[in-house]
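Undergrad: Residue strings, one per chain:
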Amino acid sequence: MKKTQRTSLLVIAALAFAGVVGPAAAQKTTITWLVSSSPADLPAAEGIVADFQAANPGIKVDLETRPSGSEGDNIIKTRLATKTMADVFTYNSGSLFRALNPGRNLVDLTGEPWMAGINDYFKQAVGFNGRVYGAPYGTSMAGGIFYNRKIYEKLGLKVPKTWGEFMANNDKIKKAGLIPVIQTYADPWTSQVLVLSDFYNLQAQVPTFAADYTAGKAKYAKTPAALSGFEKLQKVREAGYVNPDFASAKFADGLRMLAEGKGAHYPMLTTAINALKNNQSAQLGDIGFFAQPGDDAANNGLTVWMPVGMYIAASSSNIPAAKRLVAFIASAKGCESRDRVVGATGPYLVKECTLPKDVPPVVADLLPYFDKGGKMALALEFVSPIKGPALQQFTVEVGSGIRPAAEGAALYDEDVRKQAQQLGLPGW
Amino acid sequence: MTAAASHPTPTSAVKVGGKKRKSPYPGWFYLPAAVIYGVFFLLPTFSSAYYSLTRWTLDEATFIGLENFAQFLREPFLVQGLINTLTFAVVTSGMKVVLGLALGVLLTSEIVARGWLRSVIFFPVLVSTIGVGITFTVLMHPTEGMINHALAAVGIPGPAWLTNPKLALLSVALVDVWKGVGLATIIFIAGMAAIPVDYYEAARIDGASKFEQFLHVTLPLCRPATVTVITLSFIGGLKSFDLVWTMTKGGPGFSSDVIASVIYKQYQAGFYGLSTAGNVVLFILIAGLAVPLSMFLNRKEGHE
Chain A
160 MKKTQRTSLL VIAALAFAGV VGPAAAQKTT ITWLVSSSPA DLPAAEGIVA
210 DFQAANPGIK VDLETRPSGS EGDNIIKTRL ATKTMADVFT YNSGSLFRAL
260 NPGRNLVDLT GEPWMAGIND YFKQAVGFNG RVYGAPYGTS MAGGIFYNRK
310 IYEKLGLKVP KTWGEFMANN DKIKKAGLIP VIQTYADPWT SQVLVLSDFY
360 NLQAQVPTFA ADYTAGKAKY AKTPAALSGF EKLQKVREAG YVNPDFASAK
410 FADGLRMLAE GKGAHYPMLT TAINALKNNQ SAQLGDIGFF AQPGDDAANN
460 GLTVWMPVGM YIAASSSNIP AAKRLVAFIA SAKGCESRDR VVGATGPYLV
510 KECTLPKDVP PVVADLLPYF DKGGKMALAL EFVSPIKGPA LQQFTVEVGS
560 GIRPAAEGAA LYDEDVRKQA QQLGLPGW
Chain B
111 MTAAASHPTP TSAVKVGGKK RKSPYPGWFY LPAAVIYGVF FLLPTFSSAY
161 YSLTRWTLDE ATFIGLENFA QFLREPFLVQ GLINTLTFAV VTSGMKVVLG
211 LALGVLLTSE IVARGWLRSV IFFPVLVSTI GVGITFTVLM HPTEGMINHA
261 LAAVGIPGPA WLTNPKLALL SVALVDVWKG VGLATIIFIA GMAAIPVDYY
311 EAARIDGASK FEQFLHVTLP LCRPATVTVI TLSFIGGLKS FDLVWTMTKG
361 GPGFSSDVIA SVIYKQYQAG FYGLSTAGNV VLFILIAGLA VPLSMFLNRK
411 EGHE
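Respectively, the protein sequence lines represent chains A and B.
Letter by letter, the first sequence follows residues 160 to 587 of the numbering used here.
Letter by letter, the second sequence follows residues 111 to 414 of the numbering used here.
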């Protein structure tokens with residue numbers, strides 16, 4: 160008796176289970192999306208998910224988060240290698256993307272209908288062996304100098320077009336008792352900006368640098384125009400233009416000093432606009448932006464970064480639903496959805512998306528470089544697959560005076576070799 | 111291991127007397143333990159020895175011979191990391207011995223609130239290393255940290271604990287000592303409690319002062335405890351990683367990098383073969399230093 164009772168219970172349970180799960184599964188597909196948990200990314204993703212689910216009632220999107228930076232790199236690479244990646248994930252384009260072994264781990268999106276509306280620069284940044292694997296998640300970014308417009312107004316300064324003018328401005332700012340250049344090495348990644356943002360000036364002088372560098376022929380230490388970025392980092396410190404607490408200040412401190420008018424310049428990527436909006440929204444109008452100045456006033460241009468890409472893992476069991484989410488991101492609706500939460504921080508890479516009229520000055524300052532006739536170049540990490548992982552340590556050393564620029568650059572060249580070998584590039 | 115090895119006299123005396131008796135339990139009782147040990151310890155050890163000879167992307171491994179080791183030993187910061195690792199191990203184990211011994215003497219003597227003090231000293235051992243690291247990073251902030259505020263209140267300009275490249279490693283070592291000294295103290299207290307009171311009595315009758323009692327009775331008879339503390343904290347110091355990573359990430363620049371953090375950075379960069387080779391090097395280094403150290407310390411003890 161007991162046995163039959165148990166069996167019938169099991170049968171009922173099984174039926175109940177099928178009854179609950181069966182039809183629901185037929186109606187609704189659930190896909191997972193792994194985003195970075197940074198305050199700039201997560202709210203935008205939540206907004207997009209809400210809008211996407213409203214437009215696609217058959218699909219439910221579960222968000223998963225990961226840390227940003229190199230800890231996030233670990234998670235992405237490990238989950239891809241163990242085939243446990245979320246269906247959709249967002250991750251850097253450019254050299255970091257290429258290290259993911261896209262041909263093996265990602266779904267080829269070259270043939271998707273929306274791909275025709277994507278900017279070619281971006282396609283290059285998420286392309287591998289002639290195939291394209293990602294959609295742009297966010298707007299174009301740039302590296303350069305954030306500056307405090309109020310300080311410029313008060314001291315009667317002009318936006319510098321050459322490094323000489325920049326240093327002359329710094330001198331006046333210092334005499335006025337303010338910090339000319341903010342540096343924040345407690346967040347080591349912020350120390351790289353003066354080197355990376357100098358790439359427009361580098362490629363203007365040595366147009367073949369990216370190709371030669373990838374082939375192992377050109378080196379930072381042996382190319383004066385490339386070494387210049389490291390030297391600029393050294394020069395601002397030697398001239399005494401850097402805030403005294405540079406070693407312990409963090410990224411958020413840097414933005415605060417800039418917004419409060421304690422410091423005049425902060426070399427930074429325009430991703431910082433989001434953080435400014437969140438924390439210094441009252442002073443957002445006081446902040447402007449200019450490209451990192453080089454030697455030639457007539458050839459003053461901007462080093463541009465591509466946004467992170469949105470990819471589909473090859474291990475996904477819901478590729479059709481995942482493709483719909485990616486297509487949504489790559490449409491005007493996706494851009495609007497993002498705009499509503501985080502606002503536009505630069506020009507879009509989806510052709511049908513347009514910027515709202517009322518952008519803050521720091522975004523408006525960016526736009527002329529992107530216009531026809533404007534001068535811009537993609538950052539080195541988008542035109543070459545190699546970026547040495549220890550750059551931020553070397554730039555902290557050079558910027559803190561632990562090591563001179565030439566030595567830091569030479570050690571960085573050695574660091575790059577490992578990346579090139581790991582990728583199996585010829586010539587190394 | 112060392113704790114057991116350091117008390118050989120009483121147990122071995124019993125065994126030496128009779129012939130080795132056959133165990134009543136069959137040998138295959140070892141099997142479950144052997145399987146677990148094989149799968150979770152031996153297999154990873156041998157497979158890492160293999161992967162250290164490859165360029166590994168997690169998907170595929172290309173055999174490249176000893177190139178990873180050559181590359182790892184060419185790392186510009188490996189030498190610095192090595193020196194830092196040894197410095198860290200020597201400084202922390204030295205300070206733990208000295209402070210642990212002093213605290214052990216203090217806490218075995220008749221003082222007020224002895225039990226409470228013992229708990230206070232031991233408490234940091236129980237706290238998560240990451241939590242300790244984050245807390246001290248805040249306390250050691252050069253301008254806003256509580257330590258420098260306190261120093262400023264008595265007129266001492268506090269140093270930039272974690273951001274001065276010359277100080278960063280030592281600051282982390284200090285925190286490690288703060289966190290680990292409780293364990294050393296407990297080991298010393300146990301060691302001292304095992305010293306028979308008769309020796310002290312005899313020494314007192316011979317007219318030995320308190321200090322002489324410490325020097326001629328406590329110190330030599332505490333040797334097993336000292337050996338344990340040195341070995342444990344030296345090995346702990348050699349493979350220290352979590353505190354260094356939480357507090358400085360090896361920075362500023364590379365100034366507080368230890369071998370384990372150099373390896374971790376290679377791993378983060380996706381150089382899996384290279385970082386595995388680094389781990390093999392670290393394994394050999396720890397074994398190469400700790401085994402002779404432990405043998406040396408234990409042999410000395412045997413002479414008594």
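Bear in mind the hints are in silico, worked out from the structure with no lab data behind them.
Think of the CB as a built atom: it goes at the ideal place given N, C-alpha and C, for glycine as much as any other residue.
The reader is advised that the hints may include incorrect statements.
Covered stretches of chain B (chain A as the covering partner; in silico rule of three or more C-beta atoms under 8 Å from a C-beta of chain A) [to be verified]:
#1 143-154
#2 166-177
#3 204-212
#4 317-331
#5 360-369
Undergrad: Indicate, hint by hint, whether the structure satisfies it.
TA: Verification of the hints:
Counting residues of the segment 143-154 of chain B whose C-beta sits closer than 8 Å to any C-beta of chain A gives 0, which falls short of three, so the coverage hint is violated. As drawn, the segment 166-177 of chain B meets chain A at 4 residues by the rule of a beta-carbon pair under 8 Å; at three or more, the given contact holds. Requiring three or more residues with a Cβ within less than 8 Å of a Cβ of chain A, the coverage given for the segment 204-212 of chain B is violated, as only 0 such residues are present. Only residues whose C-beta sits within less than 8 Å of a C-beta in chain A count toward coverage, and the segment 317-331 of chain B has 0 of them, not enough to reach three; the restraint is violated.
Closer than 8 Å: that is the beta-carbon criterion, and the segment 360-369 of chain B has 6 residues meeting it against chain A, so the requirement of 3 holds.
The structure fails hints 1, 3 and 4 (numbered hints given earlier, in ascending order).
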